[in-house]
Amino acid sequence: QAILVGQWHRLITPIWLHGSLMHLASNSYSLWHLGPQAEALFGAERFLLLYVLSGVGGNLLGLWMGAARSMSVGASGAVFGLMGGLAGHALRTYGIAGASQTLSSVSRILLLNLFIGSRRGSGID
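Just so we're aligned: 32 in the numbering used here is position 47 of the sequence shown, and the numbers increase by one with no gaps anywhere.
Keep in mind the hints are simulated off the structure, nothing from the lab. Glycine residues also receive a C-beta, built at the ideal position from the N, C-alpha and C atoms. Take the hints with a grain of salt, since some may be wrong.
Said to hold, decoys possible - The following label-pair restraints were derived from C-beta to C-beta distances:
(1) 96 x 48: 22 to 28 Å
(2) 74 x 99: 17 to 23 Å
(3) 81 x 30: 26 to 32 Å
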């Protein structure tokens, strides 16, 4: 609700907050695994832009789909955006056959995040 009355900073600040230690650990692992590859491909500025815009997009989606009083925290939207960027780049550059290693890596991280996020009490929206 606060976002709807002008507290726009609430779309950005949750990207650096987490709901539980497991949430922080899963996002840290995901960034440790995918971040260097994404930064090498896109460059530091585009990496940061993709990360922040994906995080804000994830928070907007949470606002749109979530309960009015729910709290949205974490870098999961940003991590999913990096996964999409890496997968899209690999498919566009190498085609389906050549992108298998990148897609396999992204798929493992995606499944890990979905598994952790679906657990009760995970602190992930």
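Structure-based check of all given hints:
1. 96 x 48: 22 to 28 Å: Since the Cβ atoms of residue 96 and residue 48 sit about 26 Å apart, the hinted range of 22 to 28 Å holds.
2. 74 x 99: 17 to 23 Å: Given range 17 to 23 Å: holds, Cβ gap about 21 Å.
3. 81 x 30: 26 to 32 Å: holds, 29 Å
Hint check: no violations occur; every hint is consistent with the structure.
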